[in-house]
Amino acid sequence: MLFSSICAVAALSGVASSYEIPANLKAIYNAHKSGTCKKALSGKSSSGAVFCGDIANAIFLKGSSGNYDNMDVDCDGADDKAGDCSNDPSGFGETAFMDTVKGYGISDLNANIHPYVVVNEPPYFDAVKHGMKPLSVMAVVCNNQVWYGVWGDTNTEPTTGEASIALAKLCFPNEHLTGDNGHGAKDVLYIGFTGDNTVPGKSGANWKAKNTQDFEASIKAMGDRLVASLK
Numbered sequence: 017m018l019f020s021s022i023c024a025v026a027a028l029s030g031v032a033s034s035y036e037i038p039a040n041l042k043a044i045y046n047a048h049k050s051g052t053c054k055k056a057l058s059g060k061s062s063s064g065a066v067f068c069g070d071i072a073n074a075i076f077l078k079g080s081s082g083n084y085d086n087m088d089v090d091c092d093g094a095d096d097k098a099g100d101c102s103n104d105p106s107g108f109g110e111t112a113f114m115d116t117v118k119g120y121g122i123s124d125l126n127a128n129i130h131p132y133v134v135v136n137e138p139p140y141f142d143a144v145k146h147g148m149k150p151l152s153v154m155a156v157v158c159n160n161q162v163w164y165g166v167w168g169d170t171n172t173e174p175t176t177g178e179a180s181i182a183l184a185k186l187c188f189p190n191e192h193l194t195g196d197n198g199h200g201a202k203d204v205l206y207i208g209f210t211g212d213n214t215v216p217g218k219s220g221a222n223w224k225a226k227n228t229q230d231f232e233a234s235i236k237a238m239g240d241r242l243v244a245s246l247k
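Number 21 in this note's numbering belongs to position 5 of the sequence shown; there are no gaps in the numbering.
Honestly, the hints are just simulated from the structure, not real lab data.
Worth double-checking, as some hints may not be accurate.
Unchecked claim - Across the chosen pairs, the derived CB separations fall in these ranges:
hint, residue 1, residue 2, range
1, Gly-121, Asp-196, 28 to 34 Å
2, Gly-200, Ala-98, 23 to 29 Å
3, Ala-201, Asp-115, 33 to 39 Å
4, Ser-102, Asn-73, 37 to 43 Å
5, Lys-55, Lys-97, 38 to 44 Å
6, Gly-64, Asp-95, 31 to 37 Å
7, Ser-50, Asn-73, 21 to 27 Å
8, Ala-201, Asn-40, 21 to 27 Å
9, Ala-201, Gly-121, 22 to 28 Å
10, Ser-81, Glu-110, 33 to 39 Å
11, Asp-95, Lys-247, 29 to 35 Å
12, Ser-50, Gly-217, 35 to 41 Å
13, Lys-118, Ala-39, 23 to 29 Å
14, Asp-240, Pro-189, 17 to 23 Å
All figures in this text were calculated on a predicted structure; none of them were measured in a lab.
Glycine included, C-beta positions come from ideal geometry on N, C-alpha and C.
Construct the entire structure; sequences and hints are all you get.
Below, the structure written as structure tokens:
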């Protein structure tokens, strides 16, 4: 399907305004949705998706013909039982990169504030081996819009399509998503970027943000630059 333009209007108070999808990203979404991955970098996940290398300088999740992946909700990290994560049956009190973000002045990522994506680790998939860097910026196309997040946690299970509750609520503000209720449709495109200059580091993002809007705004310029480089 073709995306329509979306006005930058706040869906909820305190939540960042949606970002219109750039023309090159619209074209990529539409071109790769049909068919299957030609350069699979992993086996199939439980949702039928593979990590795919069909886009230069990027890695994305691709499902079967006509599909991308769903969005399960992750609540790991600081305040893992707060807010809409209170009913999460599998929440864990820390993320994979907690030690790194401690150097950024916070105890850990907070799933209720930081929009992050879960990317699998060995034995299912080795993102670092394929060029992604921990805490690098990622682009997520969902609900006819694009949002930016960071690679913020890992999963050893063959389960893909997982994002923090903050990112899930940006994508689908009207679906009442919680720690135990995700978005089932396989229409979400997750894109990770490879190479240098993909990681905001200590000073390139507002890690101490008190809300999702402020953190999202702090990584938008880098996200826009990375998306603009896609072909």
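Hint check results:
1. Restraint check, Gly-121 to Asp-196: a C-beta distance of roughly 31 Å satisfies the suggested window 28 to 34 Å.
2. The beta-carbon spacing between Gly-200 and Ala-98, approximately 24 Å, falls within the hinted interval of 23 to 29 Å.
3. For Ala-201 and Asp-115, the hinted distance range of 33 to 39 Å is satisfied, since their beta carbons lie about 35 Å from each other.
4. One distance hint, 37 to 43 Å for the beta-carbon pair Ser-102 and Asn-73, holds here, with the actual separation near 39 Å.
5. Between Lys-55 and Lys-97 the beta carbons are some 40 Å apart, a value that agrees with the proposed interval 38 to 44 Å.
6. Separation of Gly-64 from Asp-95 is about 32 Å and conforms to the stated range, judged on CB atoms against 31 to 37 Å.
7. For the pair Ser-50 and Asn-73, the beta carbons lie near 22 Å from each other, so the given range of 21 to 27 Å is met.
8. Between Ala-201 and Asn-40 the beta carbon distance is about 24 Å. The supplied range of 21 to 27 Å therefore holds.
9. Taking 22 to 28 Å as the suggested C-beta distance range, the pair Ala-201 and Gly-121 does not conform, at roughly 37 Å.
10. For Ser-81 paired with Glu-110, a C-beta distance near 38 Å keeps the hint of 33 to 39 Å intact.
11. Between Asp-95 and Lys-247 the beta carbons are some 39 Å apart, a value that contradicts the proposed interval 29 to 35 Å.
12. Between Ser-50 and Gly-217 the C-beta distance comes to about 37 Å, which sits within the given range of 35 to 41 Å.
13. At about 40 Å, the CB distance of Lys-118 to Ala-39 disagrees with the hint of 23 to 29 Å.
14. Restraint check, Asp-240 to Pro-189: a C-beta distance of roughly 22 Å satisfies the suggested window 17 to 23 Å.
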